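Order-wise, the sequence lines are chains A and B. Numbering follows this note's numbering, with no gaps: position 75 of the first sequence is 105. Numbering follows this note's numbering, with no gaps: position 70 of the second sequence is 100.
It is worth saying that the hints were derived from the structure and are not from the lab. Heads up, a few of these hints could be off.
The list makes no distinction among identical chains, and a pair is therefore deemed to hold if it is satisfied within one copy or across any two copies.
To be verified - Here are the computed lysine to aspartate or glutamate pairs in the EDC-like style, where the Cα-Cα straight-line distance is at most 20 angstroms:
| id | residue 1 | residue 2 |
| --- | --- | --- |
| 1 | 184 | 92 |
| 2 | 179 | 46 |
| 3 | 89 | 171 |
| 4 | 179 | 70 |
| 5 | 195 | 46 |
None of the values given here were measured: they were computed from a predicted structure.
What follows is the residue order along each chain.
2 protein chains.
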Amino acid sequence: MTNETHRWYAARTSVEQVEEGRVLAPKFDKDGLIPVVTTDYESGEVLMVANMNAESLAKTIELGEAVYWSRSRQQLWHKGATSGLVQKVRELLIDDDQDAVWLRVDVQGGASCHVGYRSCFYRSVPIAPQADAPLADAPLDLTFTITEKVFDPKSVYGDAPNPTKL
Amino acid sequence: MTNETHRWYAARTSVEQVEEGRVLAPKFDKDGLIPVVTTDYESGEVLMVANMNAESLAKTIELGEAVYWSRSRQQLWHKGATSGLVQKVRELLIDDDQDAVWLRVDVQGGASCHVGYRSCFYRSVPIAPQADAPLADAPLDLTFTITEKVFDPKSVYGDAPNPTKL
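With the hints as constraints, model all of the structure from the sequences given.
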């Protein structure tokens, strides 16, 4: 596999180069995407999971601000362009086989979720049922771990289409 | 879309149900997978990014231990079954549109990366070049942010095939 998508990406030539090397050689999947996890630099909280293509990763590196690829809109997604909630990248890491990215960011405005919460992960799922506390034989109940919204989505996004797809 | 893959998953009926509801209604992609980010419960460090299918998510909920789907081996991957480095799930969260999972875990043995580091994210990528410190017009240099291995992969995995693909 070659990486001719950007001058900043090396061709992937060996497992050792990819895992132990000191050169960026990202792997994009068959749709041209790489998954990205974004955490708050100070608190460590996971804010969101999204995707980048070759161009958006390069833009993120260049700007020092998170630029994702929106699958629902099929376009570059400079986070905060609409909402003002820009993510300033403090550190960008790549994983062992270079097929996932971790962004550590400061969020201007303090929220990263289009629903209005500071993180997209605001509900927990029950785990590890015990004999005396079994799980229902039905869809599981979620518990809200964050209940307060940082902003009102309607006032920020107006009539823009909701990115959530069924 | 219906979720007839497991009794614990509800059918997805509306954006409001998915985003603001109190019922688990996960979305698996066209390959039947959902991305998962796993962090250390105590430090908050991102340990790995992987995937689950419907069965592995249910197994994770049932066991309270991370069970992923291995794309390279095309089988359920109970993390630690080979290495002993089991991930005990302390909290499992789902995101706004229920198409990503966040596991907060304790790692028995203290490592989650098959290369031997405590995290799969042990290298950083340079960002935000300045006029007086431009980036090279060539593949970017990585910086190791973790340099010490917790275990020797050869002694743990022996001759098992390396999961990294070029």
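To see whether the hints hold, each was checked on the structure:
| no. | hint | in the structure |
| --- | --- | --- |
| 1 | 184 with 92 | neither (31 angstroms within a copy, 38 angstroms between copies) |
| 2 | 179 with 46 | between (45 angstroms within a copy, 15 angstroms between copies) |
| 3 | 89 with 171 | between (40 angstroms within a copy, 17 angstroms between copies) |
| 4 | 179 with 70 | within (17 angstroms within a copy, 26 angstroms between copies) |
| 5 | 195 with 46 | between (39 angstroms within a copy, 11 angstroms between copies) |
Hint 1 from the list above is the single one not met by this structure.
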